[in-house]
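Undergrad: The residues making up each chain are set out below.
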Amino acid sequence: MRRLKKLKNLKLTDIEKRELFARVERSIKKLPDSGEVRFEYPVPSPFFRFAFLSHTAFMKAGVLALLIISLSGATAYASLDSLPGDLLYGVKVNVVEKVSKLVAFSPESRARAETAQIERRIGEFEALAEKGKLTEVHTRVIEKNIDERLKNFDRNVLDIKEKAGNENKRTREEKDLDSRLENHVENIVKIREERSPDKRALEAVLERVEARRDERRREREEHEEKEGNADRDEEDGDEDRESDIDLPII
Amino acid sequence: MVDGAGWKNLPRRKYVIIGKYLGINTSASMKANLPKPEKVFEKAYGENADALFRFAYYRVSDREQAMDIVEDAFVRFWETLAKEEVKESRAFLFKVTRHLIIDWYRKKKSVAIQDFGEGAVEEGEWENFMDMFAGNIAGAEILSEAQMVIEKIRTLEPIYREALYLRYVEELNPKEISEITGESTNLISVRVNRGLKLLKAALRI
Numbered sequence: 002m003r004r005l006k007k008l009k010n011l012k013l014t015d016i017e018k019r020e021l022f023a024r025v026e027r028s029i030k031k032l033p034d035s036g037e038v039r040f041e042y043p044v045p046s047p048f049f050r051f052a053f054l055s056h057t058a059f060m061k062a063g064v065l066a067l068l069i070i071s072l073s074g075a076t077a078y079a080s081l082d083s084l085p086g087d088l089l090y091g092v093k094v095n096v097v098e099k100v101s102k103l104v105a106f107s108p109e110s111r112a113r114a115e116t117a118q119i120e121r122r123i124g125e126f127e128a129l130a131e132k133g134k135l136t137e138v139h140t141r142v143i144e145k146n147i148d149e150r151l152k153n154f155d156r157n158v159l160d161i162k163e164k165a166g167n168e169n170k171r172t173r174e175e176k177d178l179d180s181r182l183e184n185h186v187e188n189i190v191k192i193r194e195e196r197s198p199d200k201r202a203l204e205a206v207l208e209r210v211e212a213r214r215d216e217r218r219r220e221r222e223e224h225e226e227k228e229g230n231a232d233r234d235e236e237d238g239d240e241d242r243e244s245d246i247d248l249p250i251i
Numbered sequence: 021m022v023d024g025a026g027w028k029n030l031p032r033r034k035y036v037i038i039g040k041y042l043g044i045n046t047s048a049s050m051k052a053n054l055p056k057p058e059k060v061f062e063k064a065y066g067e068n069a070d071a072l073f074r075f076a077y078y079r080v081s082d083r084e085q086a087m088d089i090v091e092d093a094f095v096r097f098w099e100t101l102a103k104e105e106v107k108e109s110r111a112f113l114f115k116v117t118r119h120l121i122i123d124w125y126r127k128k129k130s131v132a133i134q135d136f137g138e139g140a141v142e143e144g145e146w147e148n149f150m151d152m153f154a155g156n157i158a159g160a161e162i163l164s165e166a167q168m169v170i171e172k173i174r175t176l177e178p179i180y181r182e183a184l185y186l187r188y189v190e191e192l193n194p195k196e197i198s199e200i201t202g203e204s205t206n207l208i209s210v211r212v213n214r215g216l217k218l219l220k221a222a223l224r225i
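As they're listed, the protein sequences go chains A and B. Here my numbering is used: the first residue of the first sequence is 2, the next is one more, and so on. Here my numbering is used: the first residue of the second sequence is 21, the next is one more, and so on.
For reference, chain A alone in the conformation it holds in the complex (with noise of 0.2 Å):
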């Protein structure tokens, strides 16, 4: 019953009000018993100023811009889960993981940062193919972002690396990266080969997995290498000790 609030305005002067305090307080100090008491005429509080909010257009303009702030929010949360031909996609990635970004100062929570969002593209491209929805479309813009974050999350690294000062020795994110990928690479491989028309899908991907499995190999290869030489030279030893116990004294 809107009309009946108009009843509503009809209210005391500041004046008034303030005299009608004081009146109370008068007569309250006339009271046998009442002692020392003493009251302070109450202040509005500070957010009493938007008390005019309750009002005609003001309310309307706040309840809206409470609407547009509160549904904004509601749409970033409801876009986290969208995939690439989704209305919401390009809000995710354009919008809340920019934004996300943005409070990442350090060169590591940067890299921390494209990790996770590259694990995100994966997880995108395989929920597409488990869905059957899967197009070439669809795999380009995630092999595009993919790209992107790849190069920034590289960048990343090389700088956290020059902050360190030891250009050789692999940081944690990059550890990190390639476990994430290694995760995936064996449902990348079988959705390529069963969804993708030129059997080609997140190279990138790929790729970097990889290189780092021919490092380790390398590495690997190396260490035997070390290892077999080490072990050589050990028995050449024994043989020359073998040869100077059997060798006879001359």
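Some hints could be false.
[Said to hold, decoys possible] Short, incomplete list of chain A residues facing chain B, as computed with Cβ under 8 Å:
id	residue
1	Lys7
2	Asn10
3	Lys18
4	Arg19
5	Leu21
6	Val190
7	Lys191
Calculated from the structure, these hints are not laboratory results. Even glycine gets a Cβ: it sits at the ideal position worked out from N, Cα and C.
The hints should help you fit chain B onto chain A, whose structure is shown.
TA: Same frame as chain A, now just chain B:
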């Protein structure tokens, strides 16, 4: 970890349970934790002075008289508050104001009887006699739109006027209204609904 001062700030239920386990008299501590009566009073004044004034004015139709009634209501509120905790300040203040208005009408009527020898009003009929929006409340302070609503409310029976006023103007819930008027919540709800139907019919909406 429950330590010295921090645990007293816990919600009441947890506070009492923990106090029981620790063997502490929580009721005494809770009392010590209550806000000062002065603060409660100041807050109640800030929040209710306008509403009480309006409630009184729409009945006595006199600005100065309405202020006197509100003054008395707050003095009585303090008298109670100084002795004990008042849980529902708003309902309490409305109830006191309502009684003060009834008293004012009684005095006014008895003066009228002495002066003009009018018929006495039976005990219990005061509430109908003390009718909201019965007096001449037209004036600069009442907006023309409000005046139109008042005219329509006047077409309703007195019992509906008060119920509708407290429910839709002061936005009190039926339970609070029942505390003020001393009638059951069900009866108040029925009055509000019937009153609303009648008012809608009067406003042709």
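Undergrad: Could you tell me which of the numbered hints above are not met by this structure, giving the numbers in increasing order?
TA: 4, 6 and 7
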